[in-house]
Amino acid sequence: MGHNVIESVVQFLKGFLGAFKKGSTEIIEFELRELENIFTLVQMGFFIGIPSPPPTILIRTMPHLAREIFIMTKRAVEDDVLSEMAGVFDI
Amino acid sequence: MMSAYLVLISLVIYIVLYYTYGKGLEKKVVKADSERPTPAHKMYDGVDYVPAHQAVLYGHHFASIAGAGPIVGPAMAMAWGWLPSILWIWFGNIFIGAVHDYLALMSSVRYDGKSIQWIAGRIVGKRTGITFPVYIWFTLVLVIAAFTAVVSNLFHKIPQAATASILFLIVAVILGFLMYKVKLNFYVSTVIGIVLLVASLFIGFNNPLLLDYNTWNIFLFVYIIIASALPVWVLLQPRDYLNAYILWFGLLTAGIAFIALAKPFEGPAFTTFSAVVIGGQPSPFWPAIPLVIACGALSGFHSLVGSGTSSKQLDKEVHGLIVGYGGMFTEGFLSTIVIVSIAVYGVTVTGVPAVEWGTGYAAKGGLSAFVASYAKGFSQFYGYDETFWKTFATLWISAFALTSLDTAARLGRFTWQEIFEPLYDKNRTLHNIIANRWVASAIAAALGVYMAWYGGYKLLWPAFAGMNQLLASIAMITAAVWVAKVQRPAKVWNYAILIPALFLWVTVTVGIGWYVLTIPIKDPLTNILVKSILVIGLILNFILIADFVSAYRKPAEEFEAAPT
Amino acid sequence: MRLIFVLGKGGVGKTTVSALLALRHSKLGKTLVASLDPAHNLGDVFQEKLGMKEKRIADNLYAMEVDLDKVVRDYIGELENSLKHTYRYLTVINLEKYFDVLKNYPGVEESALLEAMRKIIKKDYDTIIFDTPPTGLTLRILSLAEMTLIWLDKLIEIRKKILDRRKAVEKIQGELCVVIDGERYEVPSSEEDDAVIREMYQYRDEIEDFIHMIRNNSVSEFIAVMNPEPLSFYETKRIIEYLQKIDIGLSRVIVNKSEECDFLGEIEREFSRYQIFKIPVMKNPVGIENIRKICEYLGDA
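Chains as they are written, first to last, in the working numbering: chain F, 99 to 189; chain D, 8 to 571; chain C, 6 to 306.
Heads up, some of the hints might be wrong.
[As the list claims (entries may be wrong)] Under the rule of at most 16 angstroms between Cα atoms (straight-line distance), these lysine to aspartate or glutamate pairs were calculated in the EDC-like manner:
1) Lys128(C) <-> Asp74(C)
2) Lys250(C) <-> Glu188(C)
3) Lys32(C) <-> Asp131(C)
4) Lys262(C) <-> Glu234(C)
5) Lys242(C) <-> Glu271(C)
6) Lys188(D) <-> Glu151(C)
7) Lys188(D) <-> Asp169(C)
8) Lys49(D) <-> Asp186(C)
9) Lys492(D) <-> Asp392(D)
10) Lys124(C) <-> Glu180(C)
11) Lys176(C) <-> Glu132(F)
12) Lys188(D) <-> Glu132(F)
13) Lys119(F) <-> Glu197(C)
14) Lys172(F) <-> Asp186(C)
15) Lys124(C) <-> Glu213(C)
16) Lys58(C) <-> Asp169(C)
17) Lys165(C) <-> Glu132(F)
18) Lys172(C) <-> Glu127(F)
19) Lys166(C) <-> Glu132(F)
20) Lys172(C) <-> Asp210(C)
21) Lys119(F) <-> Glu180(C)
22) Lys172(F) <-> Glu564(D)
23) Lys190(D) <-> Asp169(C)
24) Lys127(C) <-> Glu191(C)
25) Lys172(F) <-> Asp55(D)
26) Lys159(C) <-> Glu213(C)
27) Lys172(C) <-> Glu191(C)
28) Lys34(D) <-> Glu324(D)
29) Lys166(C) <-> Glu127(F)
30) Lys190(D) <-> Asp210(C)
31) Lys58(C) <-> Asp72(C)
32) Lys165(C) <-> Glu188(C)
33) Lys172(C) <-> Asp131(C)
34) Lys32(C) <-> Glu294(C)
35) Lys283(C) <-> Glu234(C)
36) Lys172(F) <-> Asp52(D)
37) Lys49(D) <-> Glu188(C)
38) Lys190(D) <-> Glu151(C)
It should be emphasised that the hints constitute simulated quantities derived from the structure, not laboratory data.
Everything numeric in this text was worked out from a predicted model, so none of it was measured.
Isolated chain F (complex conformation):
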């Protein structure tokens, strides 16, 4: 019984320290998603009729844009940037 408690306390502490590590790149990860979103959106802006680079670029890069397109479509659907940002706010 005692061993179990110690075990769970240790686990908790370990996880807890992990929180610091997690927070160390959180904002950068958010910015990264924004950059990926813009990067993809700019190339695909062609489809929604906004000034964008010639589609030739997209033809060549598209096969490799799995994550980027995924993030872009998620953004387009959810538009929940607000709550994502709130995690960053510290208010």
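Given the structure of chain F, go ahead and fit chains D and C onto it with the hints provided.
Same frame as chain F, but now just chains D and C:
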């Protein structure tokens, strides 16, 4: 003895209520099922839907919700005496605030990680979902106003901390460079960062930078513009990271100190119902208390944090309680420490005798009283110079406040228009993105700092808090509808959510109304700005209740339990 | 390799002049004349049926007619294929219905033709002569190259930032990945591993080469064909202006269907900087033999 008692009692109360009321909420209201797959598993994508260890999530969630808020509010509320303040922090937290946080988190988990705003749009009414962004937009300026005022005031009163904070900015930049550019080992960089942080404290302690309040306003204005335009890895991220260490250190050492010191209280338990708190006016405890103690007891922003990131990373539904409910309790614990410290040393540091607190505390007390009390306690328990500990406490508060200022300015720029307007102008295409950036933050910053110039934080904080509580109102009402119509627990639990939600709504409405009608603001422009934002908030509040009533009338069958 | 671009208003005789030039150059080396003009007169001039495949007209002389519509359709087809290949990721965008409409989007024609031109330039000839599409389109194609470079530079900049952020995060949190519909995809964080940035660098190099080629006087020649009448005159002035804006210099002006008239004097004054050649009105400028005769008017082109 009191300080020890109160801190220990708060711990006991929190722990007991966590395992009774909290578990009750978990089993009877949320009906948490550890077998039910959470969005982190159902929608796992390696990007933001990734399960996290519950302790990681707890620590992270708490660091995200903690800010300068749980400190500023209680420091001001002491004018009513420590007893009503602490009761609000305990019971407001337990029955409203932590419930709010927990339900916002869990409802989001049930709706595939969608935000509370989305859920509000779905189950309360489309209008309510739209009010969120409107609300945020107006609150931004108040955030900047209130926090600029807080920091300017602190830097002016404790010039050592001003130096330390500026040095801290540099430390953060260095850390950012090492950790994210040079990509030095994570642990090595962390140690370097913390060592430099401590060094800034000592250097600042020995080299105060004395400037007046308005000069600091200007400094902060420039800071906001520049900081929010920098890439996040330069300043915001590294400082945010170090802030977490400051937070836990400051909180845990204070808990230990005030228990071990076991000091009696000098401050009065209860002064008068309408003590002078806000804007130099007699402020009735009800409805004004949420306008003062916001974050320590209840904060609307938490609902966004909970449903923004935490819900997407919850490994098992049963972890939600420690993260959402427990996280908020921890914040309550922080506010308890604030109250206790001022109760112990407040009379000494402010020079206001206990009998005169009702009227005299507001002018002399507040944040500086907390900083001084905290420092005294640390000096007595851990030793070393009081001023040094004042520097630390102020650094703590300002570190979080500066982050809030930075992110508030940034939020204004994350809109679609920002991205596409410049791209439309094909010729000067992408150069314009920079131009827009400066302009957009400059406007928000200018308005906010202007209000801080004449306003002072004791005036502006309650206005910001009002908007914050309004957001909490929206989330709480949404939670009440979710519980009543989707979860459908036993009647008593229904009321357990509904009554606080309605109580909150009424309190916030009357409170904001009271503020708008009673509190005089000398500078006319500030007066108009602050009050119109609050009035807009009030209008939103009425829209909310109308939508709530119509949603509540609908039969439960009409409510979907999950997104289509 | 030499490139000759023949520009001019519709109807001035671009195609005839292109054919003339082609004939002349075929004496010096293997020559291709490619018509991008939707009017498709080249075949008529040579009295041959021409298509997308180069056809031998005479010794060292080949000709082709580029079907603009087909080029655009193929281009959009490539885009469509690209999308289909990645369709699994695109749960929201439902684009099939729109592909027909996309042909008409502003910018598509230019992009498609730019690529077609580049493809032609890669072919093995000593001289390639382009009978260009209507002036507006031609000028847009040429400035598109410049614009593409600007876009690519910006995109590369953003991509570098993305890779940099990814590296910083990876260093602390471990390898990044993304899981879509149960499938795991790698996420590159350095330029060596990133196919996207490599494609962009490569394309940038290709476009830059193209731009250098057309700006290089010893490789590319721009010729404006005009008739001795006002509209054509103003058009030619505009062509010169626009080419200057994109750093390209006109080499010569060819006045087709020219007759002695006062206007000629005006033309000679205005375009004195450039070599001017005059070709009189011909009765029957069709068929290789007849064309050969007109060649003399070109002097030593």
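_Ascending list of hint numbers which this structure does not respect_ = 1, 2, 6, 9, 10, 11, 12, 13, 16, 20, 22, 24, 30, 32, 33, 38
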